[in-house]
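Go ahead and model the full structure; you've got the sequences and the hints to work with.
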Amino acid sequence: MARVLERGDVGAARERLSHLCARDPRGLDARDLSRAVVESVAENTSDASIAPLVWGAVAGIPGLLMYRAVNTLDAMVGYRSPRYERFGWAAARLDDVANWVPARVTGGLVALCSGREAWRVLRRDGARHPSPNAGRCEAAFAGALGVRLGGANAYGGRVERRPEMGDGRAPEVRDIRRAVRLSAAVTFAAAVVVWSVR
11 MARVLERGDV GAARERLSHL CARDPRGLDA RDLSRAVVES VAENTSDASI
61 APLVWGAVAG IPGLLMYRAV NTLDAMVGYR SPRYERFGWA AARLDDVANW
111 VPARVTGGLV ALCSGREAWR VLRRDGARHP SPNAGRCEAA FAGALGVRLG
161 GANAYGGRVE RRPEMGDGRA PEVRDIRRAV RLSAAVTFAA AVVVWSVR
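Going left to right, the sequence shown walks through residues 11 to 208 as our numbering numbers them.
Quick caveat, the hints were computed from the structure, so don't treat them as lab data. Some clues are possibly wrong.
[As the list claims (entries may be wrong)] Ranges between beta-carbon positions, derived for each pair:
#1 203 with 182: 27 to 33 angstroms
#2 41 with 68: 38 to 44 angstroms
#3 169 with 125: 30 to 36 angstroms
#4 78 with 32: 16 to 22 angstroms
Here the structure is a predicted model, which is why all the values come from computation and not from measurement. Even glycine gets a Cβ: it sits at the ideal position worked out from N, Cα and C.
So, in structure tokens, the structure goes:
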């Protein structure tokens with residue numbers, strides 16, 4: 011995404027956004043796309059990196075497999091839609107429970123890797139997000155990167171207004187690479203912690 015947006019190809023970036031999140035990319039400009047990517051990197055740092063490490067450390071291979079099954083089920087049917095209302099609700103709540111500790115570990119590690127501002131924004135804004143877990147990650151990333159995340163997002167024809175997190179400027183294309191580097195540092199720190207505890 012960063013490379014595509016650096017070339018100025020907003021159309022191609024809109025097409026690729028569906029690989030990262032369920033947000034409707036129509037009408038998004040480079041800044042909106044950058045915000046969507048940074049938010050996705052923040053949440054996926056927990057979901058795809060830290061949570062598997064935590065569950066693997068706590069319960070071994072069975073814990074890791076259980077977590078991946080729950081996370082995949084949530085990704086497939088955990089949306090609020092008439093089609094998946096009951097089953098999707100249960101999948102989403104189970105995913106919330108499975109990610110509760112990893113999201114907080116992620117937020118703490120972001121602050122540890124990047125400093126006081128990440129911790130301040132995490133503590134102030136982390137609970138403002140509608141998700142009990144994504145807000146912790148996004149708020150910490152917002153503070154660490156000095157950007158403002160949150161705002162209006164379109165999903166399936168409806169607009170969802172989320173509280174803003176962070177005090178900085180709107181994310182720019184360059185912040186995508188910064189978010190990816192921060193995610194890698196947090197994942198490395200988590201792996202070191204897990205390795206040293208085992």
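Quick rundown of the hints versus the structure:
1. A C-beta distance of roughly 32 angstroms is found between residue 203 and residue 182, which places it inside the suggested range of 27 to 33 angstroms.
2. The hinted range of 38 to 44 angstroms is satisfied by residue 41 and residue 68, whose Cβ atoms lie roughly 39 angstroms apart.
3. In this structure the hint that residue 169 and residue 125 lie 30 to 36 angstroms apart at CB holds, the actual value being about 34 angstroms.
4. With their beta carbons about 19 angstroms apart, residue 78 and residue 32 fall inside the hinted range of 16 to 22 angstroms.
Hint check: no violations occur; every hint is consistent with the structure.
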